[in-house]
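Given the coordinates of chain Z, assemble chains R and X onto it according to the supplied hints.
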Amino acid sequence: MAIRANPRLVEELEHYGAEDVAKCYHCGNCSAVCPFSREPFLFPRKSMRYLQMGLEEKLLGNLEPWLCYYCGECSEECPREAEPGETMMSMRRWLTSRYDFTGISKLFYRSWKAELAAILLVALLTGAGFLLFGFRWGGGHLGVYAGEGAFLTTGAVHVFDWILGCVLAAFLGINCARMWWFSIGKDRTLRIPPLAYLRQAFLLPVHFFTQKRYAECGKKRPWAIHLALMLSYTTMLVLIMFFLHAMHSERTVWAAHGFGYLATIGLLGTSIYALRGRIRKEETHYKHSHETDWIFLILLVFVAGTGILQNVLYRVFHLDVAANVVYVVHMMGVVPMLGLEVPFSKWAHLAYRPLAMYFSELQAEAIRERERAVAAAGAPLPA
Amino acid sequence: MEDRRIGVYVCNCGTNIAKVVDCDAVSDFAKKLPGVAVARSYKYMCSNPGQEMIIQDIRELSLDRVVVAACSPRMHEPTFRKALQTAGINPYFLEMANIREQCSWVHDDARAATDKALALAHAAVRRVVHHEPLEKRFVDMCPATLVLGGGIAGLTAALELSDAGQPVFLVEKDDHLGGNLARVDLTAPYLDSARDMLADRIRRVLESPKIEVLLRSTLQSLSGFVGNFRAEIRVGADGARTVDVGSVLVATGFREFDARRIEHYGYGRLPNVVTSFELERMLREGRILTRGGRVPKYFAMIHCVGSRNPEYHGYCSRVCCMTALKYGHEIKSALPGAYVYDLYIDMHAFGKGCEDFYRRTAEMKTMFLMYAKGTTPEIVPSGPDDDCEMLIKVHEVLSGEEIEVPADLVVLMVGMEAREDAADVAHLVSISQDKDGWFIESHPKLDPVATTTEGVFIAGTCQAPKGIPGSVAQAEAAAARILGKISRGKIEVDAVFAEVDETRCSGCRMCNELCPYAAIEYDAATKRSRVISAVCKACGCCVAACPSGAIQGRHFTDRQIFSQIEGVLEWASSQG
Amino acid sequence: MGFEPRIVGFLCNWCSYTGADLAGTARIHYAPNVRVIRVMCSARVDPTFVVKALAEGADGVLICGCHPGDCHYSEGNYKAMRRFPLLGRLLRDYGIEEDRVRLEWVSASEGKRFAEIVDDMTERVRRLGPSRVKTLLEADRVER
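Just so you know, the sequences run in chain order Z, R and X.
For the record, in the first sequence the residue sitting at position 214 is 214 according to my numbering, with numbers rising by one throughout.
Count along the second sequence from 1, add 383, and you get the number used in my numbering.
Count along the third sequence from 1, add 959, and you get the number used in my numbering.
Hints were generated in silico from the structure; no laboratory data involved.
Any given hint could be a false lead.
[As the list claims (entries may be wrong)] Below, a list of computed lysine to aspartate or glutamate pairs in the EDC-like style, where the Cα atoms sit at most 16 Å apart:
| id | chain 1 | residue 1 | chain 2 | residue 2 |
| --- | --- | --- | --- | --- |
| 1 | R | K715 | Z | E11 |
| 2 | R | K748 | Z | E12 |
| 3 | X | K1011 | X | E1075 |
| 4 | R | K748 | R | E713 |
| 5 | X | K1011 | R | E595 |
| 6 | X | K1011 | R | D941 |
| 7 | R | K748 | Z | E361 |
| 8 | R | K556 | R | E595 |
Pulled out of the complex, with its shape left as it was, chain Z reads as follows (with noise of 0.2 Å):
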């Protein structure tokens, strides 16, 4: 059965980024230098081939554009500049939109200016929502920043952190199960016991808090960042969900409070040192930024400087009242940098990444033992 072919793809990706696939002429060079790329997975020439011919179906079951890291080699040697390591960072926004079942991430990669009045939205009606609880409801002062009558009290910040969660977590839940589908649930030639499935459930973790992968790149600097920005992330993401009651505490907890400066400094340190990068265009992987890209870096400085400083605020200067605004402007960046960046924008790669590693992981088994069984019995390959 022939695929179709849509002209109209290539087009509608440009939204996402992709401005110079048109020029790939298939040289296969970006395929030969990619330190990433191994059989079956040759990226990213076949990807580049699928998008400039408009092959929708082949591209939504492709997981190659999340085994890439984007070190950047490919578009540094392409002789044509077809960009094919920005071309698959756009591949990633464009599945990051189609796995998302409410269409709002779709909106946002298109429009940035939705996005962004989104962020604003969410962040004016929490700033409203923590202001009416603090004044209203939660019987606490302003002028008391932690413990006895604070204004926002820790469990009820606490709770809302958790129901705040768990919706992202369905949300996102749903994204990953549709991408399962989309990559090698549907393909009915494809047989995956069960039973691999948990063999291989190691890799989840593993890719997740060490991205080896990654590591595989010449340059190693790269590797190093997004690792320290993301293991910073996750300290965090921790101490806020299990260890709020110590963050929020009267007394320093150095336990927790150590974690949270060295969790501070990784995600400052790191997310200017990718602001700057933007900014100079020098690394080729800085090159293009797509609006979703500044959104998120200029999100995750404002949280993560908001979140020191009412520490600072609190703990140095014991300034309760302007801990206490800062607080909840700081929540009015946290809650739209969870609730729309993770599940509907570029933070939820951080869940895509490892399940592709693992889900292609399971398709290159079934793939080589398909081919075997055709192999042993002699047939020709299915089509």
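This is chains R and X only, laid out in the frame that chain Z set:
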């Protein structure tokens, strides 16, 4: 003949000959042959010291015949003839034995190869004894030129010649000038207008007092030889002209491949499958519509229609790839919302500015779909839900997928082929065609516009598929060659031709009919035939046919060839 | 040592001789049994050349010209083609095997073909064995 003083020179050609053939054995053998005064073996006979050696020997040892056993005479016969001339003896006193191309390079058994070299050298010595002194002749050069074909090549050559003040007769079959280029809109890769290019040249040709343009005209016959041709031309329905010219330039162009021959593309049957030339017409008229009058949205260019396919033509037509890219630009400029695909085998973008043009076309988001050589894309009807006229199915090589693309207008990039009358033209002007029907040049690299018939040149697409720059360059090159001949005023004719011994001629006239050049005339008064030496091309057909043995071909006399036969065999039998 | 046939080749200057040269340029090896004599056109090959070669002891004669339609002299090869069956008939009448004399078309680009023809012809003549024409003629001469 024992009084001949022959010098035999055996070339080692570095090791090219010496590594298989025992060159010293050949020269030692030659020394003992009757009439041989000296025989030497040397590293490079064609080098200056090598030639000097021969010249010195001729002078000092009073040699009167020379044999060089070396490479093919097609390679260095002129070189050594010149050496003989320099030494002061007739250049035709030379004979070469081909012991490289036809011996050392094709045999690895040293003994057998040396044997063969001995035989060939022996034959050459036997033959050269009978060589006669021959003199080159000169004839007048008529300055007028006959140009066949009023396309871009013919127009260009006519202008070059007339600008140099020489008369030109420009013969065009159609009722207008411009040829195939007149059917083209813009040209790749710079997108300049073909019309502008042509209009200027045509105006200058029509205004030139030196050019006589004969429209609706065809060449009927061509007689004579270089510098002295006479052409019979049919003008219009019943006019006729006879013109005397010194040179002929054939620039008769190409015809497009008949797309009907590839049945499954449906050309002529499917309404919206058109040829590239039909699209050119739409572009020139500024109306691109489907047969149903709709503005097409999806355009598919199918490359290599009739080209690079052993079933039709194995060669590449060279211009279609860039022409197809040009359509992409023209279509997107006329219909910005249109989608353009190129279904190609390989993208041949070798010309100046072409790779860049290919890149720019890609940047316009033209979809390039590669199909495998030997396969063809398939055109199928679209379904009821499709917003297109047809679908094209193709096994796309770069993705390895079977895909289908929507199409409203399918453009078949028809290749070039030799014109239907190319064989007639070739016959009229005595030039040859290759297996594809293209006229054959004298040498594919070093003599690309001359032919094996002296005074007849070829330019443009009648020689092989090529673009405008190539056609123009060839036309200018041919004009330069013709002007060179004109400027010398006289032309040298080879001293080799046939002669009738009138005392032996019986007047049977058999040779008159056989001669392909009508170079033999019959004198009714003396009842003898006579060869017009300037017209004779020395093929020797009449020599072999003459029942009285009255005709002899100079430099290929029976005597010389018999000696050669004896030479190769006597040697062999003495070894056998 | 076995019988090595002696074959005389008449090659037209424009196609076949050039084709034979090309075999050399391309280093296509073939049997060393053919001794080439260059003529301008296959039409120049007088039947007496063939007879002379056989009489002088050749075991075979190979004539090569341009492919039909490709003759440098328009149609010389057609004349050679028409002349050839007459020659064949004559040789047959004298009891000379047909395979000993052969007419082939070799273009300037067919070096490989030339090599194949030479190899094939050498093989065929080798199978026929030595020509007896020369010995018979000499015996005849002695008798008289």
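The hints, checked one at a time:
Simply put, K715(R) and E11(Z) have alpha-carbon atoms about 15 Å apart, close enough for the 16 Å limit, and the pair holds. Only pairs whose Cα atoms come within 16 Å are accepted, and K748(R) paired with E12(Z) is accepted, the gap being roughly 12 Å. A distance of roughly 26 Å separates the Cα atoms of K1011(X) and E1075(X); the hinted pair therefore is violated under the 16 Å criterion. For the hint linking K748(R) to E713(R), the alpha-carbon distance of about 14 Å falls within 16 Å, and the restraint holds.
For the proposed pair K1011(X) and E595(R), the alpha carbon gap of about 56 Å is over 16 Å, so the pair is violated. Note on K1011(X) and D941(R): the hinted pairing holds, with a Cα-Cα distance of about 11 Å set against a maximum of 16 Å. As the CA atoms of K748(R) and E361(Z) are separated by approximately 34 Å, the hinted pair breaks the 16 Å bound. Distance hint between K556(R) and E595(R) is fulfilled; the C-alpha atoms sit about 14 Å from each other, no more than 16 Å.
Violation of the numbered hints given earlier is confined to hints 3, 5 and 7; the remaining hints are satisfied by the structure.
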